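Colleague: These protein sequences, in sequence, are chains A and B. For the first sequence, the numbering used here assigns the number 3 to the initial residue and increments by one for each residue that follows. For the second sequence, the numbering used here assigns the number 134 to the initial residue and increments by one for each residue that follows.
If you're looking for bench data, these hints aren't it; they were derived computationally from the structure. Note that the structure is predicted; figures quoted are calculated from it, not measured. C-beta atoms are modelled at their ideal positions from N, C-alpha and C, and glycine is treated no differently. Misleading hints may appear alongside valid ones.
Okay, the calculated beta carbon distance ranges per label pair [unchecked claim]:
#, chain 1, residue 1, chain 2, residue 2, range
1, A, K140, B, D285, 42 to 48 Å
2, B, G344, A, K203, 17 to 23 Å
3, A, P120, B, V145, 46 to 52 Å
4, A, K203, B, V346, 44 to 50 Å
5, A, T130, B, T181, 32 to 38 Å
6, A, D26, B, V204, 57 to 63 Å
Simulated pairs of lysine to aspartate or glutamate, DMTMM-like, Cα-Cα distance not exceeding 25 Å [to be verified]:
#, chain 1, residue 1, chain 2, residue 2
7, A, K193, B, E315
8, A, K193, B, D144
9, A, K203, B, E347
10, A, K203, B, E335
11, A, K193, B, E325
12, A, K140, A, E196
13, A, K193, B, D148
14, B, K243, A, E41
15, A, K140, A, E98
16, A, K193, B, E435
17, B, K243, A, D51
18, A, K14, A, E41
19, A, K14, A, E29
20, B, K243, A, D26
21, A, K14, A, D26
22, A, K203, B, E315
23, A, K193, B, E251
24, A, K193, B, E364
25, A, K203, B, E325
26, A, K203, B, D338
27, A, K193, B, D338
28, A, K118, A, E128
29, A, K193, B, D285
30, A, K118, A, E105
31, A, K203, A, E29
32, A, K193, B, E347
For reference, the chains in residue letters:
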Amino acid sequence: MRIAVPRGALFKEALDVLDGLGIDTAEVRSNDRKLLFEEAGLITMRPSDVPTYVESGAADIGITGKDVLAEHPERNVYELLDLGFGRCRMVFATVEGEDVATEALRRLGIMRIATKYPNIAASYFESTGRQVEIVEVKGSVELAPLTGMVHGIVDLTATGTTLRENGLVVREEISVATARLIANPVSYRVKAAEIDAVLEKLRATHA
Amino acid sequence: MIHPIPSGTRDVLPDELRELRAITDAMRTVFDAHEYGEVATPALEYETVLTRGDSAAADPAYRLFDEHGNVLVLRSDMTIPIARVVATRYGTASPPLRFSYIASAYRAVKQHRGQPREILQAGIELVGAPGPAGTAEAITVLCAALDAAGLDSYRVGLGDASLFSRALDRAGVHDTGPILRELAAGDMVGLERELRAAGAVELLDIARARGGVEIVPEGEPLREVYELLAEDVAGRVIFDLGLVRTLGYYTGPVFEVYDAAFGSPLGGGGRYDDLLGRFGRPLPACGWALDVERVHAAALGEGR
């Protein structure tokens, strides 16, 4: 079995989970340039790429955040287990003080929202009956409202520190995201016994 | 000069086409041997005909208008066109009727996913042969076609489109919509949440069950199907009690073809005993379609 492992915020705890499964992660821990670890059956990548590799069958199972899965619900992967770690909140935030986003909505009928999660943001505001213009950014979203480019942001936050340090406040919580174990739909059947053995071990330690 | 073609479409050049032809020729020989007559139908159908078969059938498709303003749709599979053919051209013929096809179907795609808009399908429809014997025959021809295509390590996942709904019914769960949605999306975390909310968390074991015939509850139609399969065909089967297919017209056993050498199902099918009735010829039926290009890719992958 080949396992897709997310680098970044989920990396360390994902490797701890793999240790618990009896997989040797020493080489992965000591080498942050290498991407493919043939012997351990691991490949490493940014979290948002994990569903892509798992869906295509390049990895049988993988670990990624619920935020990534919710942003791309059309990905054909099985979501098998909530691993519980990497807990974050998807929030709607604006500059502290007067809520310029609500004011924009009242006066202009529409607000501009910057985000790395255009699908989540669009469906959230649509489901709450507000018109928005989504501005997709790749880097630090906090900058967008500070420069006046947008009225508010939708972003993932763990502790809220970055938001606070940039003078932003959470206005609404959209959802909570944790790390998930996902599987390729073909592997889920043809490697059912191996995958179920992994699930059983994880349920025993995470329950 | 470079002239573009629409994303999701492609040209097939002689080397590849020769290999694809070898697969379709081998499958055609299997269809002939089992007396499934080959049919061709128009790529364009009236939208009203497709939606009569399945309200979602015209959803992922291409629409255009003819010179009279009728809405035409490029077919998204061959099952509904053949149901139309049976009702209109074989209104009095005595069943069972056996048809095969090798034809293109058309689907809308999501951006940047590498999905094709045009899919070459090979498949059969067995009309008027009720389950479990009809289902067993369809699976037998399916395995013969895959063998003929040169696949070695394929497996057939076998489930039942009605099994989980029946279990929910027995458990007294009435609001099944959210539960079935999570199951269809393959979200087992969401499924557990919804089942827990409905007080039927024990059904999670059914949705998760994959394995041999021992996981199939006594008295399920799937068992009878399995008992009718020859040993080599039965050896290909993996039971999957949580298997659901995305098309709405399935009523009983459903199946999907997997090969470890390819990341997505190679094809699938199942029973749709209500479909023909919607076209005015109420006959039980089942069938399947294989994606020929995926079968080819799996055969190449196996050889590696």
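Colleague: All hints are to be evaluated individually against the structure, with a verdict given for each.
Modeller: Against the structure, the hints:
1. K140(A) to D285(B): 42 to 48 Å: Distance hint for K140(A), D285(B) holds at roughly 44 Å.
2. G344(B) to K203(A): 17 to 23 Å: Between G344(B) and K203(A), where Cβ atoms are some 18 Å apart, the hint holds.
3. P120(A) to V145(B): 46 to 52 Å: violated (35 Å)
4. K203(A) to V346(B): 44 to 50 Å: violated (26 Å)
5. T130(A) to T181(B): 32 to 38 Å: Holds, since T130(A) and T181(B) (Cβ atoms, about 37 Å apart) stay within the stated range.
6. D26(A) to V204(B): 57 to 63 Å: holds (60 Å)
7. K193(A) to E315(B): holds (22 Å)
8. K193(A) to D144(B): violated (35 Å)
9. K203(A) to E347(B): Since the Cα atoms of K203(A) and E347(B) sit roughly 23 Å apart, the hinted pair holds (cutoff 25 Å).
10. K203(A) to E335(B): holds (20 Å)
11. K193(A) to E325(B): Status holds; Cα separation ~22 Å.
12. K140(A) to E196(A): violated (37 Å)
13. K193(A) to D148(B): Roughly 33 Å between the alpha carbons, so the hint for K193(A) and D148(B) is violated.
14. K243(B) to E41(A): Given that 25 Å is the threshold and the Cα spacing comes to 35 Å, the pair is violated.
15. K140(A) to E98(A): Cα-Cα ~23 Å, so holds.
16. K193(A) to E435(B): Judged against 25 Å, a Cα distance of about 16 Å means the pair holds.
17. K243(B) to D51(A): This hinted pair holds, its Cα atoms lying about 17 Å apart.
18. K14(A) to E41(A): Cα-Cα ~19 Å, so holds.
19. K14(A) to E29(A): With Cα atoms ~13 Å apart, K14(A) and E29(A) stay inside 25 Å; holds.
20. K243(B) to D26(A): violated (38 Å)
21. K14(A) to D26(A): Given pair K14(A), D26(A) holds - Cα atoms ~14 Å apart, limit 25 Å.
22. K203(A) to E315(B): holds (24 Å)
23. K193(A) to E251(B): violated (30 Å)
24. K193(A) to E364(B): Holds: K193(A) and E364(B) sit about 22 Å apart, inside 25 Å.
25. K203(A) to E325(B): holds (18 Å)
26. K203(A) to D338(B): holds (16 Å)
27. K193(A) to D338(B): Roughly 18 Å separates the two Cα atoms, so the pair holds.
28. K118(A) to E128(A): holds (17 Å)
29. K193(A) to D285(B): OK: K193(A) and D285(B) at ~16 Å, within 25 Å.
30. K118(A) to E105(A): holds (23 Å)
31. K203(A) to E29(A): holds (23 Å)
32. K193(A) to E347(B): holds (18 Å)
In the structure shown, a violation is registered for the earlier hints numbered 3, 4, 8, 12, 13, 14, 20, 23, in ascending order.
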